[in-house]
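Chains as they are written, first to last, in the numbering used here: chain A, 6 to 365; chain B, 95 to 279.
Think of the hints as simulated: they come from the structure by calculation, not from any bench.
To be clear about the criterion: a stretch of chain B counts as covered by chain A if any three or more of its residues have a C-beta under 8 Å from a C-beta of chain A, and this derived list gives those stretches:
no., segment
1, 114 to 121
2, 125 to 131
3, 154 to 161
Straight-line C-alpha distance at most 30 Å; calculated DSSO-like pairs for lysine-lysine:
no., chain 1, residue 1, chain 2, residue 2
4, B, Lys261, A, Lys9
5, B, Lys237, A, Lys9
6, B, Lys261, B, Lys174
Quick partial rundown of chain A residues pointing at chain B, CB under 7 Å, derived from the structure:
no., residue
7, Gln180
8, Met182
9, Ile264
10, Arg266
11, Thr267
12, Val339
13, Leu341
14, Pro342
Backbone N, C-alpha and C fix where the C-beta goes; we use that ideal spot for every residue, glycine too.
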Amino acid sequence: MSSKILMKGNEAIAESAIRAGCQAYFGYPITPQTEVLEYMARRMPQLGRVFLQAESELAAINMLYGAACAGVRAMTSTSSPGFSLMQEGISYIACSMVPAVVVNVMRGGPGLGNIQPSQADYSQMTKGGGHGDYKVLTLAPSTIQELVDHVGLAFDLADEYRQVVFVIADGMLGQMMEPVELPEMRELRPPPAWALTGAKGRPKNIITSLYLNAPELERVNQELQAVYRRIEANEVRYDTYLLEDAEIAVVAYGTAARIARTAIRRAREAGIRVGLFRPITVYPFPYEALAEVAGRVQEMLVVEMSAGQMLEDVRMATCCRVPIRFFGKMGGVVPLPEDILVEIEALAQGKPALVAQEGA
Amino acid sequence: MHEEVIISGFGGQGALFAGQLLTYAGLAEGRHVSWIPSYGPEMRGGTAHCTVIISDEPIGSPIIYRPTSCIVLNPPSFEKYEPLVKPGGFLIVNSSLVRQKSARTDITVVEVPANDLAYEIGNVRVANLVLLGALLGINPFVKLESVIQALEEHVPEQRRHIIEPNKRALLAGHRIAQESRQAVH
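The whole structure should be built from the sequences, with the hints applied where relevant.
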């Protein structure tokens with residue numbers, strides 16, 4: 006334990022990015038992720054790297070686009086309303102096939118909403134939140150250690166697929182402190198061959214998202230789709246907890262999953278055979294693995310801090326072969342383990358599984 | 095071992111800092127730990143609290159509803175958390191500011207005139223650590239030495255002068271709680 010230090014989630018995001026060789030950070034303050042910006046403002050100049058507080062999220066995402074085109078590892082972070090503002094730029098980055106990392110520390114919505122933890126940007130993040138046919142590999146950490154690991158991994162995956170990669174966190178992960186083990190500081194990687202580094206002595210590189218000729222844009226789309234198929238084949242990640250002999254599977258990611266874990270442990274003490282299925286990548290979603298789980302449990306309980314967005318993916322994965330109960334909290338309300346335990350007990354006592362939303 | 099602690103007071107009373115020290119102490123003793131602040135649109139003079147969990151098990155939810163140990167630094171915190179402490183749990187009350195008395199018989203209540211003791215030490219701002227010392231005097235789930243060690247390791251260079259009064263505050267609270275424990279038994 007001695008090598009572990011206590012870090013706030015937002016600071017862990019920043020330090021992990023720095024250690025992964027992030028050379029440029031662009032951002033605009035928004036609670037509950039502003040500590041990322043603060044940390045970067047302090048540390049990046051010390052290292053001779055770029056920190057820039059943009060005039061808006063629109064500017065930040067386009068600065069990120071530019072830095073990515075120039076072939077440096079770059080990142081931005083924001084929270085829900087700011088993330089909405091970034092959608093146009095993200096679509097451009099996706100079409101241009103340049104690597105970049107975007108962290109969304111989600112807060113209550115819709116609208117300006119509030120600053121409490123939420124998971125209501127799931128659909129926006131996993132289904133392509135901007136215009137056009139694109140998707141974004143999205144990592145969903147559940148602990149501060151995973152947040153550290155995922156930010157590093159996001160940079161590697163972004164490079165590997167030449168795509169933007171998301172890390173989906175929320176206000177609770179951003180604000181809480183947990184012990185973490187930080188990775189070693191990595192060397193800065195040189196710009197890749199495709200980057201815009203000045204064409205002196207070599208043929209020029211062109212990076213664009215504008216293709217006025219339709220068949221040409223179709224070809225670009227086909228190339229993108231091929232990338233997504235590769236991501237879907239190679240990058241599915243998930244975790245399970247006490248699922249081997251379970252009759253009830255709770256499906257949850259991120260903060261909701263760690264709260265569900267506490268409820269599951271208590272339900273087990275009461276003799277209920279319940280386990281957890283936790284998607285780590287929410288795109289690509291672990292459809293096959295969850296379908297396999299659906300074949301051997303009697304019921305599922307989906308827990309989200311939203312009105313039921315991942316629920317749609319769970320339904321698709323299971324083809325409704327098992328009854329699915331849903332428990333969601335909205336608007337920045339965080340479920341307590343006791344709330345989830347009540348739902349598990351209801352399922353265990355054979356109460357009808359229904360897809361119901363709280364208050365509905 | 096599994097302890098769920100809420101520390102609550104006015105903004106500026108050091109509830110969050112006391113919680114961080116406790117978390118560092120738990121980490122140094124090799125436990126799983128988490129710390130989460132209340133955060134929101136805050137105002138000067140408003141209340142602030144943090145939740146600390148120290149456990150032998152990996153921590154699921156860092157947010158809990160009913161603490162096993164609770165420190166209340168001011169009257170609004172007493173009103174909110176006194177009914178919520180789990181049966182068998184501990185409530186440490188800053189009796190310099192809180193005039194109410196707990197009627198609960200299923201928890202251990204220790205009243206500590208923390209502001210007055212802190213004033214005697216020479217800095218009213220160390221009342222938070224008087225109360226933390228008191229909690230560990232009555233419910234020693236981490237060692238007082240680990241908190242002192244955390245204080246020495248995690249106070250930034252330019253604020254080293256606050257270590258000594260804070261240490262004295264911890265010891266003063268610890269002593270009072272131990273005396274009250276002997277009085278109970």
